[in-house]
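Going down the list, the protein sequences come from chains A and B. Per UniProt numbering, residue 1 is the first one in the first sequence, and the count goes up by one each step. Per UniProt numbering, residue 1 is the first one in the second sequence, and the count goes up by one each step.
Keep in mind that the hints were calculated from the coordinates and are not lab data. Note that the Cβ used here is the ideal one computed from N, Cα and C, for glycine as well. Do not take every clue at face value.
[What the hints assert, rightly or not] These stretches of chain B come out as covered by chain A in the derived footprint (C-beta under 8 Å, 3 or more residues):
hint : segment
1    : 41 to 55
2    : 220 to 228
3    : 463 to 476
4    : 511 to 518
5    : 581 to 588
6    : 598 to 606
7    : 654 to 667
Take a look at the letters that make up each chain.
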Amino acid sequence: MTTEWLGVIAMYAVAVLLAIPLGKYLARVFKGDPTLTDFMKPLERFIYRLGGVSETADLNWKQNLAALLTINVVWFLLAFGFLLFQGILPLNPDGNPSQTPDLAFNSAISFLVNCDLQHYSGESGATYLTQLAVMMFLMFVSAATGMAAAVLLFRSFLPERSETVGNFYVLFTRSITRVFLPGSLVIALILAFNGTPASFDGKDTIVTLQGDTVNVSRGPAAGMIAIKHLGTNGGGWFGANSAHPLENPNYLTNMVEMIAQMVLPIAMIFALGFFINRKRFAWVIYGVMTVGMLLLLIPTIVTELHGNPAIAQLGIAQPTGAMEGKEVRFGPLASAYWSIITTIISTGSVNSMHDSSMALSGAMELLGMMVNAFYGGVGAGLLNFYYFLIITVFISGLMVGRTPELFGRKVEAREIKIASLVALLSALLVKGGTALAAWVFIQYNNVDWVVKPSAWLNNPAFHGFSEMLYEMTSANANNGSGFEGLGDNNIFWNVSTGFILLLGRYVPIIGPVAIAGLLAKKKYVPESSGTLPVDTATFGLMIFAVIVILTALSFFPALALGPLAEYFSLK
Amino acid sequence: MAKQSSSPALFQRELVGAAIRESFIKLNPTILIKNPVMFTVEIGTFIMILVTLYIAFSGDTSQGSLIYNLTVTFVLLITVLFANFAEAIAEARGKAQAESLRKTRQETPAKVIRPVGEYKLDEVQTISSAQLKKGDVFLCEPGDIIPSDGEIIEGLATIDESAITGESAPVIREAGGDKSSVTGGTKVLSDRIKVKVTTQPGESFLDKMIALVEGASRQKTPNEIALTILLAGFTLIFIIVCVALKPFADYANTSITIAALISLFVCLIPTTIGGLLSAIGIAGMDRALRANVIAKSGRAVETAGDVDTLLLDKTGTITIGNRKATNFYPAPGIKQVDMVRIAALSSLADDTPEGKSIVELSGNEVTRNLNTNGAKLIKFTAETRSSGIDLPTGERIRKGATDSIRNIVERAGNQFPKETETKAQEIAANGGTPLVVALNEEIKGVIELQDIIKPGIAERFDRLRKMGVKTVMVTGDNPLTAKFIAEKAGVDDFIAEAKPEDKMNYIRREQTGGKLVAMMGDGTNDAPALAQADVGVAMNSGTQAAKEAGNMVDLDNDPTKLIEVVEIGKQLLITRGTLTTFSIANDVAKYFAIVPALFVVSIPALQSLNLMRLHSPESAILSAVIFNAIIIPLLIPLALRGVEYKPIGASALLRRNLFIYGFGGLVAPFIGIKLIDLLVGIFV
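Put together the whole structure using the sequences plus the hints.
Written as structure tokens, this is what we have:
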């Protein structure tokens with residue numbers, strides 16, 4: 001057990017220790033200061049020239065968002081086309097079929113928005129071409145989109161009044177050339193040397209000890225699995241994701257994949273601190289997010305190590321904890337840790353089946369996605385944190401008797417309107433989506449879809465409710481993990497989650513970037529002793545309280561009817 | 001200052017009666033729609049009335065018993081009424097305060113001067129004050145009540161302004177100077193003045209203020225608008241929560257009654273702050289009025305809470321009126337008694353405050369025997385910078401600034417003693433003003449005049465500094481004196497040898513740096529700076545131009561009044577912020593009361609969420625809505641008085657308010673709902 005604990009602690013410690021210098025490096029990259037990776041400049045210049053983009057242009061928030069949305073639309077159309085015709089396109093050694101239109105719609109959006117909710121299995125539902133040209137490509141560009149969008153917020157923290165917020169094209173390009181490409185290369189090599197396939201050959205066959213012949217899917221997987229974690233994407237090459245022995249062969253690769261997904265979200269916090277030269281503020285954000293992570297992680301670890309009370313009642317001892325749905329090579333502790341990190345960070349890759357997590361763990365995983373700002377995805381975490389920050393600044397500004405201001409800029413009706421809308425949206429998408437699913441499940445049990453609603457749920461009652469809630473939450477949070485056990489490859493889930501994915505991605509980008517643009521334009525008021533400092537533990541506590549209360553109030557009834565009801569029933 | 005009216009009982013009998021009537025009138029949906037939170041509660045009440053009627057007529061009890069539904073309907077209605085009452089009582093108090101001011105401007109006869117014929121042989125007509133128009137000129141004689149606000153165009157009078165300021169000592173107002181304004185309702189004690197009416201009837205500052213307090217023309221301030229948006233956002237989230245609950249319940253095979261769903265909704269939306277929001281705003285204006293400050297808009301009061309820099313005139317604000325003589329320093333070889341005699345002689349006929357203080361310092365023994373009959377007075381002028389007296393005995397006494405007396409003395413061929421010169425410099429370095437006295441062009445000594453810093457002023461500035469407000473002293477003194485006084489009084493910065501445009505430039509400079517600037521002023525030459533400042537407080541005694549330019553008028557003419565205004569502005573925001581926090585924190589307990597109550601029948605395991613161990617599902621829901629309703633009247637006193645502002649630094653203040661209203665708001669409803677449930681449990 002001690003070894004397992006040390007493994008978890010090491011995974012976290014290494015991630016944080018790497019994140020601090022990486023944050024410093026990111027800040028220099030975003031500012032355009034000289035760095036070690038400047039040898040990429042000719043390549044970048046080539047890309048700018050190719051796209052007709054000026055490297056030195058400074059754009060306002062509207063221009064940046066227009067750029068971001070436009071290239072996202074182009075990628076969507078490309079991805080949708082490839083998936084729709086993958087069956088007849090080359091690089092399909094296993095002869096997999098094309099995706100149905102609703103599945104292609106869902107898959108294209110899902111990868112476009114950095115979610116990777118997979119309603120198919122990589123072994124049979126995609127080809128090598130689409131895995132590489134659609135999935136892996138979108139993993140790079142969606143992560144870079146999130147990172148660049150988050151950097152567009154940074155100027156609103158600086159004292160200089162500015163009409164512009166940065167250049168999305170440049171930030172986007174540099175994110176790929178300076179971060180994701182080199183990083184993925186290193187990780188892919190480690191994975192490949194540990195047994196993850198990196199070959200274009202089709203299925204292999206083995207004969208088991210029993211004498212059965214088994215087909216084993218493989219492919220050029222190592223590269224995709226690297227960016228899948230580094231870019232907090234989470235979509236697996238194989239259906240079983242990082243629980244699959246080829247996708248995550250051993251404890252070492254488990255550590256590498258875990259560190260890879262954590263390092264950039266944490267580094268982005270420090271990058272903000274270095275960029276605006278307010279390291280204390282970065283530590284406050286880090287502190288708030290870390291406390292949030294621990295509060296979700298500790299109950300999960302305790303309940304997983306404790307084992308399933310239903311099994312205990314049968315008189316069966318569970319010395320290793322709850323093992324159902326977990327890989328023996330990782331064990332319950334590393335799996336519990338993974339399940340929380342992957343849900344708070346919006347990666348959504350799994351190394352155990354969340355459907356088999358204990359009820360309380362399920363509640364914690366759901367909460368992690370509902371908050372979606374405890375570290376959060378690359379860039380997306382900061383974007384989400386930003387609207388919580390705005391609401392907190394507003395309420396606490398009033399509480400100390402001063403028109404609320406964030407680093408010298410007044411937060412007024414327009415900013416509050418946008419922040420409220422973004423906060424409102426996640427409640428609407430998750431609860432509205434789940435309510436719609438529950439309504440269809442009850443009222444139209446027998447509709448003639450590929451999977452009839454009556455056959456959606458692997459489990460009845462509370463757990464079935466959690467399965468639907470989890471799917472909607474995962475879509476809204478752009479997380480991509482699934483409770484599975486849900487028959488989701490049919491028109492209802494493909495289309496409904498498709499739209500939730502779109503809104504859950506772009507509104508939390510548009511809103512915060514718009515607020516940042518509005519704030520950057522405002523007059524800067526120097527701090528006085530009446531100003532509420534935001535880089536203090538007190539303010540950190542306030543943000544934490546706002547996040548917790550807002551999330552709890554939005555989602556308590558749903559959690560009570562799903563995982564909490566299950567938890568209390570099992571007890 | 002009208003301090004006697006500053007803390008009357010919150011709920012006076014007659015006010016409560018009027019407010020209760022008003023609470024029902026405000027049920028009108030066209031009025032209530034301005035408050036989105038309470039409007040949704042009214043809709044909920046309306047639906048519950050329909051449900052109750054349906055049960056009463058059909059006898060169908062699938063929605064719960066008639067009594068239960070009737071009770072829920074009643075409690076919801078009470079919730080709206082309580083919120084209306086909060087607003088109405090705030091308005092009633094404001095009106096009562098305004099009424100007492102308005103009493104001063106009841107119908108009074110006005111002696112209007114009408115030009116007649118080509119020769120302008122003016123004729124005086126007596127008309128009612130209500131008929132006065134802008135531009136009219138009226139006459140006031142001793143004993144007259146001034147019928148309208150205006151500006152003196154001719155004459156000088158002593159006026160009793162106690163009706164407005166509560167200060168019994170009469171004040172002098174005269175044409176032409178910076179103290180040319182008179183206020184309707186005040187009384188002329190002596191002399192005759194001609195006054196020109198400066199405002200249309202019904203448009204005076206007081207009329208505007210009354211309208212603001214009464215709520216008729218009350219506009220929401222920017223912060224209030226932003227908060228309303230946030231609260232509307234919360235309300236929408238809870239609409240989603242409650243609507244989604246229906247299919248969730250269907251999935252869980254649970255039937256939820258309409259009463260339960262609406263109760264949950266009403267409990268969750270921020271009714272506490274929603275119900276008290278407008279009362280807080282009105283009470284803030286009311287508090288300003290009680291401090292005898294007439295604000296032209298609510299926005300001005302709120303802006304005052306954000307002020308970073310405060311410009312204050314030295315004289316009258318930091319120091320008491322004028323300088324006083326504190327010491328006589330005879331020149332070498334001159335006896336103290338002789339010098340004092342000469343100094344006193346020179347000042348006996350001098351009416352200036354400095355002159356009076358010299359006589360005072362000389363003492364009765366000296367002054368008793370002095371005689372200035374037949375003497376010729378030399379008035380102080382800006383050119384000579386000295387004054388004096390020529391006595392019939394042939395004695396020529398002069399006193400004045402060092403260099404001007406030096407000129408006189410040296411022109412007569414006499415020496416200016418080195419000791420006197422050193423002494424004069426020493427006095428100036430200590431913040432005093434040296435006044436050199438000469439008899440027949442020979443130096444007799446130097447009088448030290450000192451500014452007397454108001455007692456307690458340093459503490460007030462310290463308080464401002466803790467609020468984050470930088471104080472700037474504006475003075476005509478030389479930089480040396482200014483620096484000394486600035487240090488002694490504890491101001492952060494000063495403008496010495498200030499000309500009117502210096503003030504203006506200082507304000508502009510601060511504003512370019514993003515700061516909000518407040519200033520107080522009274523003179524016409526202050527008007528541009530008052531207009532430029534973010535918060536300009538004009539003295540009521542000041543000129544019409546100054547009053548027009550500022551956005552507040554201080555009836556007491558008290559230059560430190562800004563400190564109160566800043567605190568009122570801060571209190572306004574704090575009260576809103578803390579009650580919002582309280583309101584939202586309350587929801588946690590309400591969830592723990594209602595959610596288990598909704599589902600416990602079909603999902604017995606959820607009994608574990610019933611942390612308060614409430615009696616039954618019905619009693620849990622009733623207790624939650626009852627708590628939700630009665631918390632509004634319980635908090636009305638806090639909303640009206642405002643949450644106290646403590647200048648302990650922003651972080652400490654946040655910690656304090658977060659603990660009291662955040663943590664308190666989390667815990668209080670658990671206790672409150674449990675207690676109500678114990679009571680309700682007896683009946684259900």
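Verification of the hints:
1. Coverage of the segment 41 to 55 of chain B by chain A is violated in this model, with 0 residues showing a Cβ closer than 8 Å to a Cβ of that chain against a need of three.
2. Interface restraint, the segment 220 to 228 of chain B with chain A: holds (5 residues with C-beta to C-beta distance below 8 Å; minimum three).
3. Under the rule that three or more residues need a Cβ within less than 8 Å of chain A, the assignment of the segment 463 to 476 of chain B holds, with 6 such residues.
4. Under a criterion of three residues with beta carbons nearer than 8 Å to beta carbons of chain A, the stated coverage of the segment 511 to 518 of chain B is upheld, 4 such residues being counted.
5. Under the rule that three or more residues need a Cβ within less than 8 Å of chain A, the assignment of the segment 581 to 588 of chain B holds, with 5 such residues.
6. Residues of the segment 598 to 606 of chain B lying with their CB closer than 8 Å to a CB of chain A number 4, which satisfies the three-residue condition for coverage.
7. Under a criterion of three residues with beta carbons nearer than 8 Å to beta carbons of chain A, the stated coverage of the segment 654 to 667 of chain B is upheld, 6 such residues being counted.
Taken one by one, the earlier hints fail for this structure only at number 1.
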